[in-house]
Structure formats: structure tokens, C-alpha cells
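Participant: Sequence:
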Amino acid sequence: MLLDVMERTEPRRAKIFDVEIAGVATAVPAYKIDQAYITERSRIYHPQFAHMESLFANTGIATRYFCEPADWYTVPRSWEERTASFQRHAIDLLERVSVDAIAKAGLELKDISAIVTNTITGLAIPSLDAMLMNRLDFAPDTERLPIFGIGCGGGVAGLARSTRLAQTFPGGNVLFLTVDLCSLCLRINDPSAAMYVSAALFGDGAAAVVLRNTSTGNDGGGRAGARVVAVGEHLWRDTEYIMGWDIKNDGFGVVLSAKLPSLMAERLGSALTGFLDRHGMTLKDFDGFLLHPGGSKVLDVAEGILGVKPEALEPSRTVLHDFGNMSSATALFVLQYAIKSGRRGRHLLCAFGPGFSAYFVVVDL
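Counting with the numbering used here, you get residues 1 to 365 for the letters of the sequence shown.
FYI, nobody ran anything at the bench for these hints, they're computed from the structure. There could be a bad hint or two in this list.
[To be verified] EDC-like, lysine to aspartate or glutamate: derived pairs with alpha carbons at most 16 Å apart:
no.	residue 1	residue 2
1	K110	D137
2	K32	D322
3	K259	E240
4	K110	E143
5	K297	D246
6	K340	E303
7	K309	D277
Small disclaimer: the values here were computed from a predicted structure and weren't measured.
Model the full structure from these sequences, guided by the hints.
Facilitator: Right, dumping it as C-alpha cells:
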């Protein structure tokens with residue numbers, strides 16, 4: 001009876017998964033676009049928002065990457081054109097990051113037990129993972145899980161789902177892939193403020209993470225990679241209006257509320273505390289924070305909630321500066337930056353997506 005009471009009242013301690021991050025890779029498409037160029041274009045196509053032009057200078061973004069040449073976006077495009085471009089460029093990027101991440105993990109394609117693929121900016125049936133298996137020589141019995149609809153949170157949420165899946169493959173390896181081509185969702189004939197704001201923020205990119213199940217001593221023969229410690233998420237009810245898509249005749253219509261920063265300021269702290277409490281942790285347990293950089297204002301809010309100085313979020317701000325907001329892929333660019341720059345210790349990955357939801361992954365680097 002006493003044991004039952006203890007189990008109900010004591011906080012649940014973080015369970016370290018038998019999963020390590022064996023390889024991380026990122027890629028961007030060919031066309032590098034300066035923020036100054038996009039600012040100039042905005043004056044032409046959205047003159048009604050001239051009073052908001054300072055937005056472009058205050059995003060913290062210097063450059064972004066688009067999958068099509070700049071002029072491609074200056075005329076209306078159909079669903080068919082957007083989808084053809086999405087499938088062509090998404091597969092090219094996924095091939096690049098898959099080969100790179102698997103090589104970094106010291107593995108071959110046949111060593112992958114399962115592929116999890118995430119996106120929010122385009123459609124493909126058969127799914128992207130099936131298309132990729134027709135291009136790369138994965139084993140035909142490789143399990144596949146496509147994910148759609150998690151938006152900017154998809155990089156962290158997908159990493160969490162992939163970790164749980166990897167836990168079920170003793171000695172196996174799971175390849176998590178995410179790609180978002182946000183530029184293809186720019187609609188030049190959309191006069192909304194949400195489209196104007198998104199034009200100031202979003203770019204294109206892809207990322208891959210190889211997760212290795214180490215429960216049978218499968219450590220790859222090298223230095224242990226980052227280990228996944230805990231995963232979780234939180235959904236706030238009745239917040240669908242914060243972020244998402246409307247379906248238009250010529251593509252996705254962006255839903256992006258100006259209330260997003262204030263909602264985070266009011267509610268993220270309690271959601272994060274709840275997640276940490278469930279896993280027996282506090283903010284003092286962390287050596288660093290790897291946040292999805294939705295924009296400079298979002299990072300400013302996060303600094304206040306975490307009680308840290310701006311330099312604490314340097315990985316997020318650097319990725320935002322160099323690449324913009326690539327939706328789901330961005331958080332994994334931040335993770336790769338942290339690993340490459342030699343950061344060590346316990347780190348919290350955090351991202352946000354439609355729902356409105358927050359997603360958390362704790363890693364020991």
C-alpha cells in the first residue's frame with residue numbers, strides 16, 4: 001500500500017532511452033536569397049504593409065535559401081506546379097541528408113531498420129519515404145512512417161517519435177528525415193498580413209538524424225553520440241487559430257497569429273515546468289537550450305521564460321541569421337550546430353507547431 005502511494009506521489013524520473021544520436025546532416029537548396037532583396041520585393045507586391053517594413057530588418061535573418069529562382073515566386077502558381085516542385089526538390093534534399101547522416105553514423109543503407117519522414121509544406125502520394133526508397137538502396141523490408149501536420153514543431157516532435165520507435169529495435173537504427181520547402185507556400189496574390197509576415201521569415205531546408213539503439217551494445221565502435229534522455233509535448237486547447245494552413249485554390253494559405261509571442265509568454269513556462277516535473281528535472285539541470293528559432297521575437301520571449309541571457313541561445317540565433325525559419329528542419333540545424341561547436345552536457349530541444357503545441361526532447365551531448 002505504501003509503495004502504491006509513493007508511486008503516485010513521487011515525481012517520475014527521466015528514463016534514459018537506449019538510443020543515441022549516431023549521425024546528423026542538414027542541407028539547403030541552391031538559391032541563396034538576401035533579406036534585403038526580399039524587403040525590396042515586398043515593397044512591390046505588398047505596398048499596403050509599407051508601415052510594417054521594419055519587420056524584415058528585425059527578424060534577425062540575413063539570408064535564406066529557396067528551392068526555385070527568385071523570379072519563380074513573382075507570378076501566381078497552381079497546386080500542380082507547387083506540388084511538382086515540392087516533390088522534385090524534397091527528394092533531392094532528402095537523398096543528400098540521408099546519405100550524409102548514414103555515412104556519419106558509420107552505417108550502410110541496409111543497416112537502417114525504419115525511416116520516419118516529416119513535412120508540412122507539400123504533398124506526395126506515394127509518400128516521400130517510398131519515393132526515396134526507389135532512389136536509394138534501402139532494404140525492401142525497411143519500415144516506414146510518414147508524418148504530416150506538425151509544422152514547425154515537426155523536427156523535435158519527429159525526433160521524439162523516432163526515438164520511441166528506435167527503442168523497439170534492439171541493435172537497430174532509425175533514420176529520421178524532415179524537409180520543408182516553405183518558399184513554395186508563398187502566394188504572391190495573397191494580400192493578408194499573415195502572408196506578409198511569413199515572407200519575412202521562412203526558407204527551405206532538410207535534415208536527417210540517425211538514431212541507434214544501444215541496448216545490445218551496438219555503439220558503432222566509436223565515441224558515444226548524444227543520448228536521448230526524455231521526450232514530451234503539450235497542447236493548448238482552443239488555439240487552432242495560432243498557426244496552420246488554410247486550403248486555397250492555388251496552395252496553402254498561411255495561418256499565423258500575431259498573438260503567438262504573447263501566448264508563449266503566458267503559457268510556455270507552466271507547460272515546460274510540467275514536462276520537467278514529470279521527468280524529475282529542473283531548469284538548473286541544463287547546460288544549454290536549443291530552441292526552434294521561429295523568429296527573433298519568439299527567442300526574446302523564450303529568454304525571459306528560461307531566465308537566460310541572449311548568448312545562451314546563440315545556436316538558435318545563428319541558425320536563424322544564416323538560414324531563416326525552415327519550419328521543422330530548423331531545430332535540427334540548431335542541434336547540428338551545437339554538436340559541431342563542441343557543446344557538452346544536458347540540453348533541451350524545444351519547438352512549437354499547429355495545435356497550438358510545444359514539443360520537448362532532452363539530450364545529453
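Participant: Has the given pair, K340 with E303, been kept, meaning a C-alpha gap of at most 16 Å?
Facilitator: violated, 23 Å
Participant: Does the alpha-carbon distance linking K110 and E143 stay inside the 16 Å limit?
Facilitator: Since the Cα atoms of K110 and E143 sit roughly 12 Å apart, the hinted pair holds (cutoff 16 Å).
Participant: With a cut-off of 16 Å on the C-alpha distance, tell me whether K309 and D277 pass.
Facilitator: Status violated; Cα separation ~23 Å.
Participant: Below or equal to 16 Å on CA atoms is what counts here, so check K297 against D246.
Facilitator: violated, 24 Å
Participant: Given the hinted pair K259 and E240, is their alpha-carbon gap at most 16 Å?
Facilitator: OK: K259 and E240 at ~12 Å, within 16 Å.
Participant: Checking one constraint from the list: CA of K32 to CA of D322, max 16 Å. Satisfied?
Facilitator: Status holds; Cα separation ~10 Å.
Participant: Under the criterion that the straight-line Cα-Cα distance not exceed 16 Å, is the pair K110, D137 satisfied?
Facilitator: With Cα atoms ~7 Å apart, K110 and D137 stay inside 16 Å; holds.
Figure legend: structure checked against the earlier numbered hints; hints not met, in rising order: 5, 6 and 7.
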